[in-house]
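Construct the entire structure; sequences and hints are all you get.
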Amino acid sequence: MYEPSHLRTFLAVAQTLSFTQAARRLGLRQSTVSQHVRRLEDATGRALFTRDTHSVELTEDGEAMLGFARRILDVHEQASAFFTGTRLRGRLRFGASEDFVLTRLPEILEGFRYDHPEVDLELTVELSGTLHEQLAAGKLDLVLAKRRPEDPRGELVWHDGLVWIGAERLRLDADRPVPLIVFPPPGITRALALEALERQGRAWRIVCTSGSLNGLIAAARAGLGVMAHSRGLIPPGLVRIPERAGLPELGQVDFVLVHGRRRTSAQGAADALAAAILAGGDRLHRRVTGPGRRLDLPGGGAG
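Following UniProt numbering, the numbering of the sequence shown begins with 1 at its first residue and continues without gaps.
If you're looking for bench data, these hints aren't it; they were derived computationally from the structure. Remember, predicted model here, so these are calculated numbers, not experimental data. Check the hints yourself; a few may be wrong.
[What the hints assert, rightly or not] Derived EDC-like pairs (lysine to aspartate or glutamate); straight-line CA-CA distance at most 20 Å: (1) Lys139 x Asp120; (2) Lys139 x Glu243; (3) Lys139 x Asp115.
[Unchecked claim] Using C-beta positions, here's what the derived DEER-type ranges look like: (4) Glu243 x Pro186: 25 to 31 Å; (5) Ala43 x Gly237: 37 to 43 Å; (6) Arg46 x Arg199: 43 to 49 Å; (7) Val207 x Gly67: 39 to 45 Å; (8) Arg205 x Gly67: 18 to 24 Å; (9) Pro186 x Arg261: 15 to 21 Å; (10) Asp271 x Gly201: 42 to 48 Å; (11) Glu107 x Arg176: 27 to 33 Å; (12) Phe83 x His159: 35 to 41 Å; (13) Arg176 x Gln252: 24 to 30 Å; (14) Arg24 x Ala79: 24 to 30 Å; (15) Glu150 x Ser210: 22 to 28 Å; (16) Ala245 x Arg39: 43 to 49 Å; (17) Gly201 x Ser265: 51 to 57 Å.
Beta carbons are placed, not taken as given, at the ideal position from N, Cα and C, and that holds for glycine.
Encoded structure:
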């Protein structure tokens, strides 16, 4: 009833909220993307997106289809691998940025390990800037991280806005420097926050630096200051700083998958994990409930 190619196209549009970006990701014409979505909507008898000239949004039925599409494609891939006899092996060095510590990325990695038990998956959790450096040095095979606005590399997983967040009770004094909670260099969010404040001519001071997202969240919850963060990944206990505080706009950020430039024995495994992340990318917008889950894997490394 539901064509796998149409479901893949639907997921790409749902994750990027753009028919143009989905077409680029899939290597299709935009008209083909529209056709796939229309045929899937015909098959369901429901509208999956609301769209106008400026925006694309999932409908309630579209949100429901996300889970069905993922499960159908998961089973489809498992059946294809079983009957073609392909078994991936080898060591795969995967890096994920600190942004995903509180998301459902572990569910995607758990599914990958189940489907490919002979792949030795090694996980590194670091700042996006550090991960890009390690990838360039040949120390990683695949990276899921933010990219700098001028960087064209990588396959778009989703596009999001950066916002200022802090404790709900926090009040900023317009006559005093903005108290900042930041990652250390070469953190991309740090750089974008400082650049925005410099452009505005707003004074600032750093009140907390930590390479751990949980460390930054603890400082923010304690009311020490504000931090720049992805709008779709705001941690529990923190809220957006209202516009009346006068903080500058931070702009947009892309979360991308980037492969190592050198072809290695891990290429097949890297391609398979990238496909799994792209297929389940909408899970990365959804926080885990309860205490934050660490990105630890049995038999893998975390750094």
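Going through the hints against the structure:
About 15 Å separates the Cα atoms of lysine 139 and aspartate 120, which keeps this hinted pair within 20 Å; it holds. The hinted pair formed by lysine 139 and glutamate 243 fails the criterion: a straight-line CA distance of about 42 Å is larger than 20 Å. A C-alpha spacing of about 25 Å is found between lysine 139 and aspartate 115, which places the hinted pair above 20 Å, so the restraint is violated. Glutamate 243 and proline 186 have their C-beta atoms about 29 Å apart, which keeps the hinted 25 to 31 Å range intact.
At roughly 41 Å, the beta-carbon separation of alanine 43 and glycine 237 lies within the given 37 to 43 Å, and the hint holds. Between arginine 46 and arginine 199 the C-beta distance comes to about 45 Å, which sits within the given range of 43 to 49 Å. Restraint check, valine 207 to glycine 67: a C-beta distance of roughly 41 Å satisfies the suggested window 39 to 45 Å. Take arginine 205 and glycine 67: their Cβ atoms lie about 45 Å apart, and the range 18 to 24 Å is violated.
For the pair proline 186 and arginine 261, the supplied restraint of 15 to 21 Å holds, since their beta-carbon distance comes to about 19 Å. Roughly 47 Å separates the CB atoms of aspartate 271 and glycine 201, a value that falls within the hinted 42 to 48 Å. Distance hint check: the CB atoms of glutamate 107 and arginine 176 are about 43 Å apart, inconsistent with the given range 27 to 33 Å. With their beta carbons about 36 Å apart, phenylalanine 83 and histidine 159 fall inside the hinted range of 35 to 41 Å.
Separated by about 29 Å at the C-beta atoms, arginine 176 and glutamine 252 satisfy the suggested range of 24 to 30 Å. Evaluation of the 24 to 30 Å hint for arginine 24 and alanine 79 yields a pass: the beta carbon distance comes to about 29 Å. Checked against the given bound of 22 to 28 Å, the beta carbons of glutamate 150 and serine 210, roughly 26 Å apart, stay inside it. Checking the proposed 43 to 49 Å range against alanine 245 and arginine 39 shows it holds: the Cβ atoms sit about 47 Å from each other.
The hinted range of 51 to 57 Å is satisfied by glycine 201 and serine 265, whose Cβ atoms lie roughly 52 Å apart.
Hint violations for this structure: numbers 2, 3, 8 and 11, all remaining hints satisfied.
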